[in-house]
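Visitor: The listed protein sequences correspond, in order, to chains E and S. So for the first sequence, our numbering puts the first residue at 1; every next one is plus one. So for the second sequence, our numbering puts the first residue at 1; every next one is plus one.
Derived by calculation from the structure, the hints in this document are not laboratory data. Possibly wrong hints are sitting among the right ones.
Said to hold, decoys possible - Derived list of chain E stretches under chain S, where covered just means 3 residues or more per stretch with a C-beta under 8 Å from a C-beta of chain S: (1) 22–34; (2) 174–180; (3) 183–197.
For every residue, glycine included, the Cβ atom is placed at its ideal position computed from N, Cα and C.
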Amino acid sequence: MSLQLLFDAMALGGIYAVAALGIALIFGVMRLVNFAHGQFIACAVFALIVPSADALAVMGLGALPAPVLIPLILLIGAGLAVAAEALVFRPMRNASPVALMVSSFALGVALQNLLLVLYGGRPKAVSLWAELGHPVRIAGASVPLLQLIVVAAVVVVLAGLALMLRKTRLGLEMRAAAEDFTMARMLGVRSNRVISAAFALSGGLAAVVALVLVAQTGVADVRMGGQIMLVAFIATVVGGMGSLSGAVAAGLGIGAASALLQAGLPAEARPFRDAFLYGGVILVLLFRPQGLFAPVGAKPRV
Amino acid sequence: MPKLGVYDLAVRYGKLTAISDLSFAVAEGERVFISGPNGAGKSSLLSAIAGAVRAAHGRIEMDGEILSGLGPESIARRGLSMVPEGRRIFSGLTVLENLSVGTGMRNDRSAVAEDLEIAYTAFPILRERAKSPAGNLSGGQQQMLAIARALMTNPKVMLVDEPSLGLAPKVVDEVYDRLCQLQALRALTLVIVEQSSARAARVGGRMLLMRGGRIVADGDAASFAARDLLTEAYFGDAA
Numbered sequence: 001m002s003l004q005l006l007f008d009a010m011a012l013g014g015i016y017a018v019a020a021l022g023i024a025l026i027f028g029v030m031r032l033v034n035f036a037h038g039q040f041i042a043c044a045v046f047a048l049i050v051p052s053a054d055a056l057a058v059m060g061l062g063a064l065p066a067p068v069l070i071p072l073i074l075l076i077g078a079g080l081a082v083a084a085e086a087l088v089f090r091p092m093r094n095a096s097p098v099a100l101m102v103s104s105f106a107l108g109v110a111l112q113n114l115l116l117v118l119y120g121g122r123p124k125a126v127s128l129w130a131e132l133g134h135p136v137r138i139a140g141a142s143v144p145l146l147q148l149i150v151v152a153a154v155v156v157v158l159a160g161l162a163l164m165l166r167k168t169r170l171g172l173e174m175r176a177a178a179e180d181f182t183m184a185r186m187l188g189v190r191s192n193r194v195i196s197a198a199f200a201l202s203g204g205l206a207a208v209v210a211l212v213l214v215a216q217t218g219v220a221d222v223r224m225g226g227q228i229m230l231v232a233f234i235a236t237v238v239g240g241m242g243s244l245s246g247a248v249a250a251g252l253g254i255g256a257a258s259a260l261l262q263a264g265l266p267a268e269a270r271p272f273r274d275a276f277l278y279g280g281v282i283l284v285l286l287f288r289p290q291g292l293f294a295p296v297g298a299k300p301r302v
Numbered sequence: 001m002p003k004l005g006v007y008d009l010a011v012r013y014g015k016l017t018a019i020s021d022l023s024f025a026v027a028e029g030e031r032v033f034i035s036g037p038n039g040a041g042k043s044s045l046l047s048a049i050a051g052a053v054r055a056a057h058g059r060i061e062m063d064g065e066i067l068s069g070l071g072p073e074s075i076a077r078r079g080l081s082m083v084p085e086g087r088r089i090f091s092g093l094t095v096l097e098n099l100s101v102g103t104g105m106r107n108d109r110s111a112v113a114e115d116l117e118i119a120y121t122a123f124p125i126l127r128e129r130a131k132s133p134a135g136n137l138s139g140g141q142q143q144m145l146a147i148a149r150a151l152m153t154n155p156k157v158m159l160v161d162e163p164s165l166g167l168a169p170k171v172v173d174e175v176y177d178r179l180c181q182l183q184a185l186r187a188l189t190l191v192i193v194e195q196s197s198a199r200a201a202r203v204g205g206r207m208l209l210m211r212g213g214r215i216v217a218d219g220d221a222a223s224f225a226a227r228d229l230l231t232e233a234y235f236g237d238a239a
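Input sequences plus hints: build the corresponding full structure.
Guide: Now the structure itself:
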């Protein structure tokens, strides 16, 4: 297997893993499948450019130097998610999981239409960090610098999150709340703090995905969040709803399988790559309907 | 003023009434057992006091301050702690992490360290297993962890729901021994749900007998064993 293919597989899997983690974090603490997550990603993408209906995007925030731009976009993603929680989900705190899920759909549609109004429906060419497209040579293979950076960024994000969950007070409270929310509250854990933190982290992860997607594809499309949301949601189901490590593992697996199938399938079978991929997903779920890493305490709350 | 007061409490799940017109008061430092048949509303009563289920009617007070209507975290922060039915330990967290969840609201670091020492002294197995996942503990050890975890919140009032459930009699003896020691050491007010009135009589304290969501008798636990109030509570007035 070529090194190029290995990095393609790791980069795609890494993006899916980060997106799936954003969904699993929120599901973990409040049993909400947040279908607006894809639109969080799209909003973070469009935050880079100046609102206009032109085909060629004019960079707004995206023109800032990376050390300023990256934290700013992460903050925007986190802020959007926290605001969504406070305005949409908090008033329905005691509603059924199904009602919450439907509202997340509604929120997603509303955000997508807001983007349509501001930016129009045409996909836009966006040039973010174009210089990272240069190939670098490693062990005789040629790999775009961007792929290396994406893989490194994913590793840093995953390690940072794992460290935060293991070593900080907030992380401890989030893990306790994910296992048994009411019990954690009976030990003085503030539900609003934990839920806001989960949304902030999830929004930050959405922003990471947004930056990577734009840098890789050079396109801003109102619909771009929906597609990755679908794969990420499938990854959280395969990984076991509520299991963070399961979401990461399944995201990596699906991304890697997708890249490998793309390269390995005979040319005439390649258009059916997704059929092979999701056929595999169905097989996994047939044998383990609860997902690969079903966590404790993920049973629906009574 | 009682330490804990419950006045005209009603708890409903949809149309099902679990508790109605229930009132009682607990003095500071008292040990009160709540006994009665399955479905009498014992666990619902504790859950309502801890704020885990909302009261449909009535008032719950601690030190004269109204608790009913507050969220469970606010009630915990006022000094009421719960050892719930089924223990509900965080099985994916280590033993020490379980003990630490409830200390987030405390600012007194040295007192937290002292409490940890008290918990470890009362239950040495917890010190031994501090770094291992709580899910690997046996039932009795999990019960001890749940009690220690509640203690770490520095409570004034502790509610304990069926600590003897599913444990061997010898382990139950140990759990009650430690519970009584901790009560004396920390001047706790204890409310314990206990199915076995014989056990309650042996440990000693006051006993409330519940049936059909109400309190049907209130007195010294030791005196209950002798009387046929229990038979009456379990089998009805016709017995």
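Visitor: Now tell me if each hint is right for this structure.
Guide: Hints versus structure:
1. 22–34: violated (count 0)
2. 174–180: Answer holds; 4 residues pass the 8 Å Cβ test.
3. 183–197: It holds: at least three residues are needed, and the segment 183–197 of chain E offers 9 whose Cβ sits within less than 8 Å of chain S.
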